[in-house]
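Chemist: Protein sequence lines correspond, in order, to chains A and B.
Taking numbering that gives the first Met the number 0, the leading residue of the first sequence gets 0, the next gets one more, and so forth.
Taking numbering that gives the first Met the number 0, the leading residue of the second sequence gets 0, the next gets one more, and so forth.
These are computed hints drawn from the structure, not numbers from a lab.
All the given hints hold, so there is nothing to weed out.
Below, a list of computed lysine-lysine pairs in the DSS-like style, where the Cα atoms sit at most 27 Å apart:
# : chain 1 : residue 1 : chain 2 : residue 2
1 : A       : 45        : B       : 187
2 : B       : 63        : A       : 38
3 : B       : 63        : A       : 179
4 : A       : 179       : B       : 172
5 : B       : 136       : B       : 109
6 : B       : 112       : A       : 45
Note that this is a predicted model, so its numbers are computed, not measured.
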Amino acid sequence: MSTSPSPASWWQPGVFDYSKVELFVMRLLFAGLIFDTIKWETGPYKTQRNPTGLAHFFDFTWLAEHPPGVFWQGLTIAGLIIYVFGRLPVIGLAPICTFAVMIGTLVCSKAMHHSWQLVTLIGLAQFAVYAWPRGKANFFKPTQEVHRLAVYASTVVFAAGYVVCGIVKLVNSDFQWIQKVPYLSVQLLKSNWSTYYDTLEPVAPWLTQATQLIVDYPNLARLFFGMGLLIELAGFVVLINRKWAFFGGLAIIALHLSISVVMQLNFWYHIVAALIFVVNVPGLKRTFGRNR
Amino acid sequence: MAGAGSIWASFALSFAFFAILHFSLLRVAFAAYGPRMTARLKAFWEHVPFRHMTFLVIALFVIKEQFPFSNFPMYSNFDSEADVVYIANQNGDPLAMDDVFRSGSSTAKKAYKKELGKITQAAGGRDSNDANAEERKAAGAIVLGDWHANIKAKNVPAGTTAIRLYRRTFELKDGRLGDQTPELLAEKSL
Numbered sequence: 000m001s002t003s004p005s006p007a008s009w010w011q012p013g014v015f016d017y018s019k020v021e022l023f024v025m026r027l028l029f030a031g032l033i034f035d036t037i038k039w040e041t042g043p044y045k046t047q048r049n050p051t052g053l054a055h056f057f058d059f060t061w062l063a064e065h066p067p068g069v070f071w072q073g074l075t076i077a078g079l080i081i082y083v084f085g086r087l088p089v090i091g092l093a094p095i096c097t098f099a100v101m102i103g104t105l106v107c108s109k110a111m112h113h114s115w116q117l118v119t120l121i122g123l124a125q126f127a128v129y130a131w132p133r134g135k136a137n138f139f140k141p142t143q144e145v146h147r148l149a150v151y152a153s154t155v156v157f158a159a160g161y162v163v164c165g166i167v168k169l170v171n172s173d174f175q176w177i178q179k180v181p182y183l184s185v186q187l188l189k190s191n192w193s194t195y196y197d198t199l200e201p202v203a204p205w206l207t208q209a210t211q212l213i214v215d216y217p218n219l220a221r222l223f224f225g226m227g228l229l230i231e232l233a234g235f236v237v238l239i240n241r242k243w244a245f246f247g248g249l250a251i252i253a254l255h256l257s258i259s260v261v262m263q264l265n266f267w268y269h270i271v272a273a274l275i276f277v278v279n280v281p282g283l284k285r286t287f288g289r290n291r
Numbered sequence: 000m001a002g003a004g005s006i007w008a009s010f011a012l013s014f015a016f017f018a019i020l021h022f023s024l025l026r027v028a029f030a031a032y033g034p035r036m037t038a039r040l041k042a043f044w045e046h047v048p049f050r051h052m053t054f055l056v057i058a059l060f061v062i063k064e065q066f067p068f069s070n071f072p073m074y075s076n077f078d079s080e081a082d083v084v085y086i087a088n089q090n091g092d093p094l095a096m097d098d099v100f101r102s103g104s105s106t107a108k109k110a111y112k113k114e115l116g117k118i119t120q121a122a123g124g125r126d127s128n129d130a131n132a133e134e135r136k137a138a139g140a141i142v143l144g145d146w147h148a149n150i151k152a153k154n155v156p157a158g159t160t161a162i163r164l165y166r167r168t169f170e171l172k173d174g175r176l177g178d179q180t181p182e183l184l185a186e187k188s189l
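So that you can see chain A by itself, here it is in the shape it has in the complex (with noise of 0.2 Å):
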């Protein structure tokens, strides 16, 4: 009797059937998404003082002094066009991934921030299945499966990126998170005020109100909230098939636009990871399909 699970276990997923179509918008709205995430502009970051990943055994802090320039952005655009139409995938994504890791390091190392992290890991996810050995032909033109395979990568991290958050948020606070929720309204004055000290635009009129009514009710303020910490730990349901994957996406888009409102965090990367590997609007046809 065979041990191994069913193929078709939700719990098991594998890769999604898409198109030619589909695979080619991914990989040219994520070219985009991922070049506009890389912070060229690396003149203020001349020290390390807070290192962080690579930044432990390099220095890149020559990258203040030489920030990359027209013919490094040039070659890092050149590489990812070959990306976007599929050909020589590992020779594409190479300078991007180089300068994401680089850059995000030495920025990452005056202090953390959050909004780059999961972009970069898709693409280092990317260039591990497109560098995977698999034979001279799908080095130069990669078939459909790897390309798939290369989406799958990029799903799986964008979720892991949402599970581990939710996870993090219960140990970090004793599985208190839920319960501390009216605290949150602090956290939300200091998102707030700290947006005013950006760029002195006046904070919102209802601040004050939007505040003291979560202290007011705090069940109310816990419900809405702990709605949240659900869908980042449901963030593994994007993987189980294209429907949850849209309904997922959704949700996962719907979070980010609260909370940009509410607390002026804004998370424009992931709003665009998620609609182009898991809401997929050139795949809804074979998504909502008749046989789906």
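Go by the hints and put chain B onto chain A.
Modeler: For chain B alone, kept in the frame of chain A given last:
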């Protein structure tokens, strides 16, 4: 010197002997149990729900914050107080940090917390929440120095002769939200 050489030689020989012995034992053990163990591990791996994602979740959880890896700990724990750090002019009027320093308040706050953590760790391994005013000022001076080095002179409002780093704390006390008078951490002339 010859004595020391002999000691090293005997040490190396013993090491080699035990290494070969262990390697041989491992080979014997692997020959006997290896294929079965490998098959069991493979079967286990295939039964792990969402196995690739689960593996990555564990990896991210363990690695924590090492770019590009992250466990995304934003707002994972909080209490009745939260503070912001901002830069103002000599009169205490805030400056638009994005314009003047190309880096915002949250970045300054994270840098300040890191510096404060280093200072309190060096002074008896204390938590940065237990820092005294002197330690907060020391961390503030480091951060303000860094931000001063990246100032965009053309975006500094006319009449600004100095920049100041402030910390403003919000708190929830007895069911009411409020904030304390901002604490001056450091000042630097322009």
